[in-house]
Amino acid sequence: MNILIKDIIHSNFAVSTDDGDKINRVLNDRFIKKESIILNFKGITLLTTSFLNAAIGKLYSNEKYTSDFLNTHITMINVESEDKHLFSMVIKRAKEYFTNKDEFEKNSQDSIYGNN
Amino acid sequence: MKIYLPTKITSSIDGYELLLRFQNDLSQLQNTTIEISFLNIQWFEANLVAVLGAIIEYLESKGNTIRIVEYETFIEKTDILFRNKFFPQHRVSTDRPLLDSSTQIPYKKFKDYEESLYNDYIQNELLNNTDFPRHSTRLGREIRRSIFELFENARTHGKCNYIHTCGQFFPTKKKLNITIVDTGKTIVGNVQEYLGKNKNSSDCIDWAMKMNNTTKTGDIPGGLGLGLIFEFININKGKIQVISSNGYWELTNGSVFYTDINFSFSGTIVNLEFILKEGETYRFHDEPIVF
Numbered sequence: 001m002n003i004l005i006k007d008i009i010h011s012n013f014a015v016s017t018d019d020g021d022k023i024n025r026v027l028n029d030r031f032i033k034k035e036s037i038i039l040n041f042k043g044i045t046l047l048t049t050s051f052l053n054a055a056i057g058k059l060y061s062n063e064k065y066t067s068d069f070l071n072t073h074i075t076m077i078n079v080e081s082e083d084k085h086l087f088s089m090v091i092k093r094a095k096e097y098f099t100n101k102d103e104f105e106k107n108s109q110d111s112i113y114g115n116n
Numbered sequence: 001m002k003i004y005l006p007t008k009i010t011s012s013i014d015g016y017e018l019l020l021r022f023q024n025d026l027s028q029l030q031n032t033t034i035e036i037s038f039l040n041i042q043w044f045e046a047n048l049v050a051v052l053g054a055i056i057e058y059l060e061s062k063g064n065t066i067r068i069v070e071y072e073t074f075i076e077k078t079d080i081l082f083r084n085k086f087f088p089q090h091r092v093s094t095d096r097p098l099l100d101s102s103t104q105i106p107y108k109k110f111k112d113y114e115e116s117l118y119n120d121y122i123q124n125e126l127l128n129n130t131d132f133p134r135h136s137t138r139l140g141r142e143i144r145r146s147i148f149e150l151f152e153n154a155r156t157h158g159k160c161n162y163i164h165t166c167g168q169f170f171p172t173k174k175k176l177n178i179t180i181v182d183t184g185k186t187i188v189g190n191v192q193e194y195l196g197k198n199k200n201s202s203d204c205i206d207w208a209m210k211m212n213n214t215t216k217t218g219d220i221p222g223g224l225g226l227g228l229i230f231e232f233i234n235i236n237k238g239k240i241q242v243i244s245s246n247g248y249w250e251l252t253n254g255s256v257f258y259t260d261i262n263f264s265f266s267g268t269i270v271n272l273e274f275i276l277k278e279g280e281t282y283r284f285h286d287e288p289i290v291f
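Chains A and B, in that order, give the protein sequences.
Here this note's numbering is used: the first residue of the first sequence is 1, the next is one more, and so on.
Here this note's numbering is used: the first residue of the second sequence is 1, the next is one more, and so on.
Bound conformation, chain B alone:
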């Protein structure tokens, strides 16, 4: 069967809902050849292929075979999905010469035990990327710290098959977007299990985003990673969006907004937007380490 991707995929609540609806429409299919058509697409925010990659993983886990079709018109508009390696990884090829630009952090998926490969990936694709806008060591450090805290959070909480990630930066706008998606246990499931209460999905995400709140048990304390990202994004005036199950949560311009949405995702999507302009990077100052 053939299914058409929505015309506009953006990192807005509507854009996520369209992608989740797309997954929902296909969720009953098993052992079927599914053709995903790019014919109608006018705009696809490149880093969100991490979400599409996770949807494809979900469909393949049910014995379906996925083919990407009718991509020619889309390629005429932009070659970004070739440059970020999403198309080549899904057996789409082209003879066209690609733009000589490396503003993309390629689409890649990682197993939960591949944290050292993820380190290499960030080192090679972000730190060693000569096209990445110039910024201070301090700002770069806080951005990378957020990315790693998030990856580690997905790795240790999600119990997932793969973590899908993709990024894009915009040299003139001085922005970096990076999306990390896992298809394991949702934040909502973890929080409901931990608190033993029937909170709304978006309330669960809001609980998990607060400093010191964690669903981790055992001998390793947790509850700082997401809170730390939250604080940094707030100061950086960037954006963070979290979609888990049918909960949507975002922090933009210092304001938190959360709501339940109409469709559900069987995992967690986190989209981060960093502003690559210098300013205050952290409130904390040099302090002695005392146990």
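Bound-form chain A, shown alone:
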């Protein structure tokens, strides 16, 4: 399924967390139906990490969405070459963030319940 980002956020600026959330919801809905997605950035003239953190980074909060799963289920097209580094930053950051988040929660659990 081809998802044209600007049709969902009604703007050429993919900049806000709220608009990123809209894309994240669409991705989740489609993944539940086991669909693969083409995310089409055609017409997007400005992109921020705030948008991508919510749209893409948030996916890593769901353990089912492994890197293998995402690589086979999402294809990005029409991304400006100057924007591609943002994806790498956001993906790297999300992996670190959710790994540390799990560790933090694990440590909190350990301190409450002990770890035997």
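Read the hints as simulated data drawn from the structure, not as lab findings.
From the three backbone atoms N, C-alpha and C, an ideal C-beta is built for every residue, glycine too.
Hints are supplied without guarantee of correctness; some may be wrong.
Said to hold, decoys possible - Using 30 Å as the maximum straight-line C-alpha spacing, the simulated DSBU-like pairs for lysine-lysine come out as follows: (1) A:Lys-84 to A:Lys-33; (2) B:Lys-185 to A:Lys-92; (3) B:Lys-277 to A:Lys-22; (4) A:Lys-95 to A:Lys-84; (5) A:Lys-92 to B:Lys-109; (6) B:Lys-277 to A:Lys-84.
As the list claims (entries may be wrong) - So these bits of chain A aren't anywhere near chain B, every CB distance computed over 12 Å: (7) Met-1; (8) Ile-3; (9) Leu-4; (10) Asp-7; (11) Thr-17; (12) Val-26; (13) Arg-30; (14) Ile-32; (15) Lys-34; (16) Glu-35; (17) Lys-42; (18) Asp-68; (19) Lys-95.
Once you've looked at the hints, dock chain B against the given chain A.
Frame of chain A, contents of chain B only:
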């Protein structure tokens, strides 16, 4: 009561301290009519009306009524505060014809849910402004990205009533200054709450400016926006100043300087200066997207 604005308001540590002192002097007032006099002003860096606008919002939130008075002498020197719409928004009018110049990005305040209005504002006032110096698409993109990352940071971290913004560009010097001010939770408060430590205010700002550091929790990762601005400003050889609570932090010519100052601001001021000359805009190169 009448209070006089300082004579010189510039984007220097002294200039910010004067503005913060001005706010501090009035902080005890409630339900009072306050006349802010422009009589002694010799220089007011136009984009810093975003700070004055935030101070006025703070004073009005305490039931005070604000009037701007004795502005006639100032108007003889410059009409910039009319052209950038700060004076008209505070009920100051003039019959004088204004200079036919649009080097200003008007003063405006936004609610935190008005991000689409902010998009329109940047589109209309910056991108569609024919007086804006010519520059490459790439440079323009990185400047706009920084502005939006900053606005989004203020919107999602500050939990503020309004975000005040104003800009000014200088065609001959090839510079763009833009100031974004929020009156919500300070960076210092957020960092101290998150780290649970009593760091100095300026140390807290320094922590927040580093890539990957964020006070955000929950399902959306953060910590890239300010770091990205930092990196771009560094390469652009521009300037960024951050004032939050009583912390002052700046990056100029690749050097970071931070210190605590004598007065405190109940929010966060960020002043960005971009150099509109072509050069390297980003270190990153085309790379494949791999999850």
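Do the hints match the structure? See the list:
1. A:Lys-84 to A:Lys-33: With a Cα-Cα distance of about 28 Å, the restraint between Lys-84 of chain A and Lys-33 of chain A holds, given a limit of 30 Å.
2. B:Lys-185 to A:Lys-92: Holds, because 28 Å separates the two Cα atoms, which is no more than 30 Å.
3. B:Lys-277 to A:Lys-22: Violated, at about 37 Å.
4. A:Lys-95 to A:Lys-84: The given pair, whose Cα atoms are some 17 Å apart, holds under the 30 Å limit.
5. A:Lys-92 to B:Lys-109: violated, 35 Å
6. B:Lys-277 to A:Lys-84: holds, 24 Å
7. Met-1: Correct as stated: the minimum Cβ-Cβ distance to chain B is 18 Å, above 12 Å.
8. Ile-3: holds, 16 Å
9. Leu-4: With a cut-off of 12 Å, Leu-4 of chain A remains clear of chain B, as the shortest Cβ separation is near 18 Å.
10. Asp-7: Label holds. Min Cβ-Cβ 15 Å, cutoff 12 Å.
11. Thr-17: Violated: least Cβ distance 6 Å, not greater than 12 Å.
12. Val-26: holds, 16 Å
13. Arg-30: holds, 16 Å
14. Ile-32: holds, 17 Å
15. Lys-34: holds, 17 Å
16. Glu-35: holds, 17 Å
17. Lys-42: Lys-42 of chain A clear of chain B: closest Cβ-Cβ about 16 Å, beyond 12 Å.
18. Asp-68: violated, 8 Å
19. Lys-95: violated, 9 Å
Against the hints set out earlier in the document, violations occur for numbers 3, 5, 11, 18, 19.
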